[in-house]
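Starting from the known structure of chain A, arrange chain B on it as the hints suggest.
Residue numbers (our numbering), protein chains in the order written: chain A, 40 to 776; chain B, 93 to 634.
Careful: at least some of the hints might be erroneous.
To be verified - Here are the simulated lysine-lysine pairs, DSSO-like style, with alpha carbons at most 30 Å apart:
#1 A:Lys330 x B:Lys243
#2 A:Lys532 x B:Lys418
#3 B:Lys260 x A:Lys229
#4 B:Lys243 x A:Lys469
#5 B:Lys418 x B:Lys366
#6 A:Lys638 x A:Lys532
#7 A:Lys451 x A:Lys638
#8 A:Lys350 x A:Lys451
#9 A:Lys637 x A:Lys350
#10 B:Lys416 x B:Lys402
#11 B:Lys243 x A:Lys229
#12 A:Lys638 x A:Lys384
#13 B:Lys402 x A:Lys229
#14 B:Lys624 x A:Lys532
#15 A:Lys637 x A:Lys134
#16 B:Lys618 x B:Lys595
#17 A:Lys638 x A:Lys350
#18 A:Lys350 x A:Lys134
#19 A:Lys563 x A:Lys350
#20 A:Lys350 x A:Lys763
#21 A:Lys546 x A:Lys570
#22 B:Lys416 x A:Lys330
#23 B:Lys621 x A:Lys330
#24 A:Lys469 x B:Lys624
#25 B:Lys618 x A:Lys532
#26 A:Lys451 x A:Lys330
#27 A:Lys330 x A:Lys350
#28 A:Lys546 x A:Lys451
#29 A:Lys350 x A:Lys229
#30 B:Lys416 x B:Lys366
#31 B:Lys618 x A:Lys469
#32 B:Lys260 x B:Lys239
#33 A:Lys229 x B:Lys239
#34 A:Lys763 x B:Lys595
Derived by calculation from the structure, the hints in this document are not laboratory data.
Only a predicted model underlies this, so the values are computations on that prediction, with no experimental measurement involved.
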Amino acid sequence: MMKTAAAAASVPSRGEPSSDQENGDNSLQPFFILHKAASDKSDRKPSRRRIPSSPASPNKPGKSGDDDSSGDHSHEHLRMEAFQHAWSDIETTIKGVLQSIDSGTFEAIYSWIIESFSIIRTHVSSGLSEIAQAFPAAVDSVSRRLFTGLVLTKNMELFDDLRTFEQLGQFLRSHGCHVANLSSMEFVAKNGIGGCITSLLRQFLATSVDAPDMITLSSWYNDQVNNDTPIILIIDDLERCCGSVLSDFILLLSEWVMKIPVILIIGVATTPDRLRSIIQCEALQCLCPFKFNLGTVAERMDAVVEAILLKQTPGFFISHKVAVFMRNHFVNHGGTLSSFIRALKIACVQHFSMENFSFMLRGLIEEEIQGSKHGLLLKAIYNCASNISPCERNKMDEEAVQKLVAEIAQLKRLHFLWSIVVLCLYEAGKCDELRLLDLLCEALDPEFYASRVPGSFTQETRYTKASSPNDCFTHQHKFTMRKDGFISQAMRKVRDLSESHLLSLLKRWERHTADISEIHEKVKELQHMLKFENYQQVKKDSMEIAKIRGLQSKSNLGRDMKRVNDKASSFLAYLIEKYMQPIECVPSHEIVCFKNVKKLQMALVGDSRRRIQVDLLESHKILSCSCCRNDNILLSSMHDTSIMYSSCQEHGDLINLHDWYQSFKRIFLCPNSKRRHKLKQSPVSKKRKFVDDSEKLSEVVIQSRFCRGVTELQITGLLRMQSKRRPDFVQRVAFGL
Amino acid sequence: MGEDEGPSVTRRTTRSSFATANSTKNDVVERTKSNNICSPSLNDLLYGGAPFDLDVLLANFPGRHPQIHELLQILGPSNTPMLPIFVYGGPSTGKTSIILQLFRHLNRPLVYSSCRTCYSPRILFESVLNQLSHHRKDATNGYSSVKRCEKPSDFVNFLREALVGLVKRLKENMGKSKSSKKRERSIDGHMVYLIFDKLELVRDWDKSSSILPLLFNLDSILNIPEVGLIFISSTPPDTFYSSMGYIEPVPIYFPNYSEDDLRQILVRNQAYPKLYSSFLDAVLRPFCRITRRLDILSAIFSSLFVEYCKPLNDLAIVPNEDLKRKLFSNLQPHISLFLNETFRVLSQSSSGAERTKERELRGSKRKIGMHEESDELDFHMSTSAKYLLISAFLASRNPATLDASLFDSRGGSDGRKKRRKPSETAKGQKEAEEEELLTKGPGSFPLERLLAIFQCITSVAEDFLGEEVQEEDSLEVEGQNGPLMSDVLLQLSSLCNANFIVKGGTCPLEGSTRYRSVVSEDLALKVAKSVKFPLAKYVYRR
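Isolated chain B, as found in the complex:
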């Protein structure tokens, strides 16, 4: 969620110590040397380039002024201890980037670890420790961490050790920098801040039995006043605390942006602000109704804006009302398209165009346009796999009691008997069943039922085909009477692999595996059409 960096990116000056080591292609030895030289460099713990004023920070984050002021208040002036903070708010509301930029403004050292990158407790622990002791994993140390640390108790010990050392050095450093102002950027105060981002993910780690309490308790366990803890999460604090007896961190809420905020954010950094704002006039409102997530909106708008600008030659013009209307009418069809789906697959870029053209000539029907809903199946399946897919679909859709009447020629009488019964029972039961079917989704079925339906279907289909193309018969080889039936299980496994059929849990009564078809009706109909099977006849509808 570090999206709103904008202008500061360009102004950032590269730091001396690492930039020289990294920007040129140097060998490992040299790097380790430079590492050794600046090994105590505490500046590694500072974020970003040169610090800037509060005004710049506020200007960079329109619509977030109260949150920034609140944060500043809690962090306090330098060298004041603080209570842990819990920052939360929906995704893409600027939590991470504001915190980071705030620390850049304050010039205070921080240790940042995202629980997405550090996907297990061990990696989280080691990442924190590595940063604290300026350790880099590379080929010389076999990509190992500074310390092997798996247990929470080890982590607390190592962490305390590292933090105490660091704070000591920070204090020394402060005295030094006061006397001699060698460095352009000096660390302000002797506080160290630990930031844990994306904390909501920790809940999924081994049921979070030990890690979450540890992190929330860290402040009181360490009991070092020079350490500040900041948690960032996209879910509210209620989803974490479970009355474990620790002090609740100070919550700071980042609400979703309002429409005006979004406009301000989006217009910033645009090359043609006038044109862009007229573009926003047209599109922002309808899209805001769908989502206020800045990342989604900016992705959509960036491609929509290209469409918007297409008829224009000079992008620097200030559009008048007439032109605005014209552009809007141009854009209208695209808006509805983007409103419906935000995920679009682009086809090959210009370089592959010749090939696609060639293909188009041959295939003619298949257009690259992504919203061309064609009736044809555009991938290959063997015929028996198709029939198997259809029968799985039927088995999932239809109640098992109906199989006899649908597929058996003698089933008619059976069906009549059964039909009489529900007429006597209450109607409510039927409705309840219907509802249940809706909520349950596709039903599961045992293998035997699938095979039975498959055999019925294929025999029907063969009759059907036989009537239609008599001439084709001479192409059939003798001994092909049941050509579709062999290696059905192989086909079934490949259907499972393709995620069309899901192996459900085993039935507790029978102990055999049950399957469930998860194909959409559209796809099933397409498949049925490709083998000319009258699927609609067999699907049970109320």
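Only chain A is shown next, with the shape it has when bound in the complex:
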């Protein structure tokens, strides 16, 4: 029992080195610090032996003795390799998806910059000679306005968007603009306006200037070969800037905008109205703002989830519970895409390091890329097997491998079908602002699937095959849906769609289902039906208009439309019933599916204070010494702080220092009595014992140990020191776990 606990702690920390490249991951875990010792070399052995073999795997790695360490080592190596491979795949996908989301806005910003630059230039063309001088360029106030792009990031948390602004800077630089990225750190009241000008000059001139001012910048700009491009200043976070400094900066720039064509881009995390409360009115007058929308977090999230969890090969997948946990964490705490991706990465690391057959996944992924059949996978398995050890190879019998390969192929096919159904549902729910992650959570729910399908999957298919081909359009779904569920919401939406929307929805379905001919055909059929109905309607209408019976025809139209909508909806139900099998209901899904919510939660949330308390109360479990195994009895051999924390549990929120000290002392001075009675003794017996026992420890030593214990508890945040009002009491801060 104890070993597993230690091993569990060691798993995430073993995954840690690989994720070291990302800076953000380092500061994740207060938890790791507490358990650093667990990842020690000597501690590793038990953890290795513990790795569970998947129940569906045909051959259990029955290793023993010396084989163990060498074979396992290569295993681990292979697993980590497979993880790195898989994760780099996922990472590049994410990068691509995010870039494609932003690219539209970037283009819009660039064309706006070109436009505003030409406007600035028309004002300035007459007085080029003035640029070199200190006199203000004399122009009317309208042309002195500063073109400002407000980029709405629409997320209170800035973290995701730092990267976006950096990319925006690179994008504009690649188009020949002079770009400087200013962070809000430069707009602090302490440095005043000098701080931002210094940073500006440092970025443009690449040297530090003694007395930074705008004259220097204008002189630099005029020396540039390409001084027919604008200077872009990107300020990434409006909210964090000091308002007065930013206003001063804007006023300063507006004095110079005729000489140096500066265009501002300001990132706004909340609403553009905040500008009014942060920047002074006079500076506000100088701005000529335009706003641009970046993709919202929800949109990004959808795109990432779609790309990774739906469209990518099932090299790695998450179970229902994990998905729900990740969603809740995102909605309640994270708020940033980066935190979601980090959670995904942690899950990925843990899966690859825990799952016995995870090294095979690499073969699985490669196979997908090269498009061949089972050949590569088979080869990969054999390769890995040969890597393990020669004797191992013999044990690996042909039949089992074949079976495994077949199972994996089946898994892949089913998962692909599932993802297509989910995509179709998502497309339907899109106009209702349905979030893909919500839908995914529901679609992954194995209970929902179980309630839907009483029999096994094979029975189901046989049944549908027997039925007529057009059955799917009149299909009465037998499963009960949650009333507020997202799937039912999507289906309801299909029923209510207008004609043009339905047509476009069908087109999107057609695109998604292109690979599965049987569904594809049905979608086409639906499209035909819709078009035919339209055609008929038009014909009918023209006839009926002649008869001046417009009213009736309208209701007719509505009814007919409804019919196609109903068909589409029941087709969706048919799809759900037939194809949407959550990955957890597929045999041997354990190889690709990460299920351990607890581990992920531990790694993500940490809950360090609880951990500290548990460790203090059960210190013997961690120290695993032989002397103090007794439960609920405080022994003098226990750790001081642990004794103190256990004994203070009896107090309320105020602890009398004297009482506490007395009970602490008692534990040391009369260890025998503890065995018979508990902590609370009658004063009479205490006195007797006090006399009996020889004074091994002097009062001074106990006092000093007591003081150290109190300090340690205070440092860990479980206690608060006494106030001046009540000098003999300390206050407990943490209650319960």
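Frame of chain A; chain B shown alone:
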């Protein structure tokens, strides 16, 4: 405030010395050469292009004739010493541009430095010295100034040196130009004028202990009769002088423009004066009631005029009464819109339109129109941040004594006891409290109180949600009992970063940090609505 340049801009001819060097893309070496060639060129100190007559100047600045005449009188004919001038008046009343144009008319050399651009004493000093010695910062000299000058005493010494040299050269130059009239534009007289613009900003520099007295005393310190000092400020002289024992400069006041002046200024330079004046008939009066600032008005009118012209095909027509009325009724809704707020955020220009359209189709509700007050929160916040924001708002709004009765189920009895007390005390005290709350704004609160309210709120909300969506429960994972409580401090810091909560000063008694919520009630209500929290129930109102 150099707005009213207008027609003279187009007539300005570029000067020979610098224009040739700058207009073409030449390398640094060539520029330095040309710099060397014309290094003694005193013409650098002249402002603008070719000089013009007084009539042109007066025509360019309608409504400013008395001020211009007064200035001319004080400056006097060439080579007469002058007393320092202090020009003041509200923003955008033409102070800077009139002075500059006046010097262009007079053809006298000046050194101009704006205290906004020169944001610290050192940069101000060095900028003045650089101009006096025709020094340009560029890559060849490492963007350094002609002299490093930080102390006021150094500045006075360097300045005297430079000025004496300059005046000497000016005198020589005068003799030369009299004998041979090579240059088309010759400097008139041997006076040099130092202009310090936006002087009001100097008051904020290191409490202005030394710089302001220095500047005002500069005339008597230098004691060079050939130097004239002009200060330009947007605040009256009373805000500067503090009986420091120097001669007060001659004040010249630029009053705000009258409505007629504004009309004259605005009609100038318009392509369609007839149409524009009929437009001004409609809009000038209501807007003048709000502001007389020319920069604001011209910005508003330029966009309003576009609206005004929309129904017209031919802009050159002279509108009759009927058409005027029609146009006015067209414009009416826009006027009220602009009257309410002068700051408007435009959305993406045409190029991005497709994308926004696409977005609109999907989002449907969110219109680009800026005055669409939607109930929805249009940015993302995590749920716990939302609750934290609400609890911070409550903590700031409600008095701390009320917390128990609002959030504690046992609090009812407590509240009754407390309610009895104020009934006995005088009513005036309550009113005074109310007033105090109004003037104080949102109250501050310690972290503990915030967390307590947060916990109460979230527990209430979870019950509330639990009743409403029972089905949702199966989606909850075990161990999620207090899902909102973890890393609250992280959320708090990001709320502080977003400027929703402000870290107030520490309380002198407790020594712990206090916070203050600065969100508007609208935003708080929006946030509460998005998490379906009945905020109105909890806000304490008298």
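Hints breached by this structure: 1, 2, 3, 4, 6, 13, 20, 22, 26, 27 and 29
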